[in-house]
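Asker: So you can see what is in the structure, the chains are spelled out below.
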Amino acid sequence: MAGVVDCRGLSCPEPVIEARQALQQASGGSVTVVVSNAVARDNVTRAANSMGWQVNVEEDGEDFKLSITK
Amino acid sequence: MRDRLFIIVAGAAVGLLAVILVMQGNPVNMGFCIACFVRDITGALGLHRAGVVQYLRPEVIGLVLGAFATAFYVKEFRATGGSSPVLRFILGMLMMAGALIFLGCPLRMVLRLAGGDLNALIALPGYVVGVWLGTYFLRRGYTLGRSQEQSVVSGYAGPFLAIVLLILLIAAPAFIFFSEEGPGSMAAPVALTLGAGLLVGVLAQRTRLCTMGAIRDIILFKDFHLFYGFAAIFVVALVGNLFTGYFNPGMEGQPVAHVDSLWNFLGMTVVGFAAVLAGGCPMRQLILTGEGQGDALITVFGMMAGAAFMHNFGLAGSPAGVSPAGQWIVIISLAVLFVIGFGNIKARASAGKGKIAKAS
Numbered sequence: 001m002a003g004v005v006d007c008r009g010l011s012c013p014e015p016v017i018e019a020r021q022a023l024q025q026a027s028g029g030s031v032t033v034v035v036s037n038a039v040a041r042d043n044v045t046r047a048a049n050s051m052g053w054q055v056n057v058e059e060d061g062e063d064f065k066l067s068i069t070k
Numbered sequence: 001m002r003d004r005l006f007i008i009v010a011g012a013a014v015g016l017l018a019v020i021l022v023m024q025g026n027p028v029n030m031g032f033c034i035a036c037f038v039r040d041i042t043g044a045l046g047l048h049r050a051g052v053v054q055y056l057r058p059e060v061i062g063l064v065l066g067a068f069a070t071a072f073y074v075k076e077f078r079a080t081g082g083s084s085p086v087l088r089f090i091l092g093m094l095m096m097a098g099a100l101i102f103l104g105c106p107l108r109m110v111l112r113l114a115g116g117d118l119n120a121l122i123a124l125p126g127y128v129v130g131v132w133l134g135t136y137f138l139r140r141g142y143t144l145g146r147s148q149e150q151s152v153v154s155g156y157a158g159p160f161l162a163i164v165l166l167i168l169l170i171a172a173p174a175f176i177f178f179s180e181e182g183p184g185s186m187a188a189p190v191a192l193t194l195g196a197g198l199l200v201g202v203l204a205q206r207t208r209l210c211t212m213g214a215i216r217d218i219i220l221f222k223d224f225h226l227f228y229g230f231a232a233i234f235v236v237a238l239v240g241n242l243f244t245g246y247f248n249p250g251m252e253g254q255p256v257a258h259v260d261s262l263w264n265f266l267g268m269t270v271v272g273f274a275a276v277l278a279g280g281c282p283m284r285q286l287i288l289t290g291e292g293q294g295d296a297l298i299t300v301f302g303m304m305a306g307a308a309f310m311h312n313f314g315l316a317g318s319p320a321g322v323s324p325a326g327q328w329i330v331i332i333s334l335a336v337l338f339v340i341g342f343g344n345i346k347a348r349a350s351a352g353k354g355k356i357a358k359a360s
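So the sequence lines, in the order shown, correspond to chains C and A.
Going left to right, the first sequence walks through residues 1 to 70 as this note's numbering numbers them.
Going left to right, the second sequence walks through residues 1 to 360 as this note's numbering numbers them.
Heads up, a few of these hints could be off.
What the hints assert, rightly or not - Chain A is faced by these chain C residues, among others (derived, beta-carbon under 7 Å):
1) G9
2) S11
3) E14
Derived from the structure by calculation, the hints contain no laboratory data.
Since the structure is predicted, the reported quantities are computational estimates derived from the model, not experimental observations.
A virtual CB, placed ideally from N, CA and C, is assigned to each residue, including glycine.
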């Protein structure tokens, strides 16, 4: 299930929990996670990498758009 | 790998500075104690009148300003807030209540352990149980809701208040209380404590060091990243204490501590539980305050209110132990934490799947 996980305004670990659930459900393909702080950007990236996904970070105004693919 | 090295360096710096601050005058095993220091500031402002714990601790000022300067520099400063302020205030109160039962925040628990205080060895599993209870709710969709963009005035409030405290510390007007005896009178020189706070503020902002996250991330994700920093604090402080002669193993007669094991354990359970629900340990709340997060600042205000409450009503632990009223506070705090936990579970996509374990 590819889709967008909107984690703006959420602070860790919530974005990581949401992102992991989305990645586990998707199991492959691409998932986009939007976060609004650098901590969430770094933590979601680390979590996705540890699950074997590639992460591409794009700045989107004040937010970060993480394109996660496997 | 580079990140891991950095967080170990940050933890090591905290451990080393803690040993140095004690050598230079801070109370023993209290090089850093965020709960104690916020409590001392609360007293210095006259919001509680426990004469032995009143001082405008420069470490706290330094932590906020160090984090602020760093966040500003790396463009991570962002004025946000508005995520369940009332509950965050209460969680701050409860976190402080638990810490003042045990006599230390999680950071001081680690430093007490590194000084040989075996009461902290009993508190540590209590803390882990508290964090585990918090993760029970996180797994089931606990959230305090999204924060919103706030005006820059809101973001600057925390750093501004830190500067006001610094001015009050230097000017020392008559209406500010400074302890003449007890732990509040014991302090390393201002320049040193302020500098230590600033340095740790910088390092903690960059590494996201958090004594609660260290345990939480292991339980939730088997992620040891933050734990490396937590462990580094302990190892370096332990070695430092061994070298400087401050290592004194035992339970009885430990500095600013008591031997009521049950309440040491449960006090830290309250702290761990509240810290997970609030999203950060007391130190982390100060760092986030520096980053412009109003949600963290209101948690710090809650901690101050908690300190005033605990001391004005004689509920805080003391070297004599924990009073029956203080014991009730622990029980009530745990009950309130369960209410906040159960009351803020929102449905996530996959929440509710699997077997729901009993809460207690």
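Asker: Looking back at the numbered hints, which does the structure fail to meet, lowest number first?
Answerer: Of the numbered hints, all hold.
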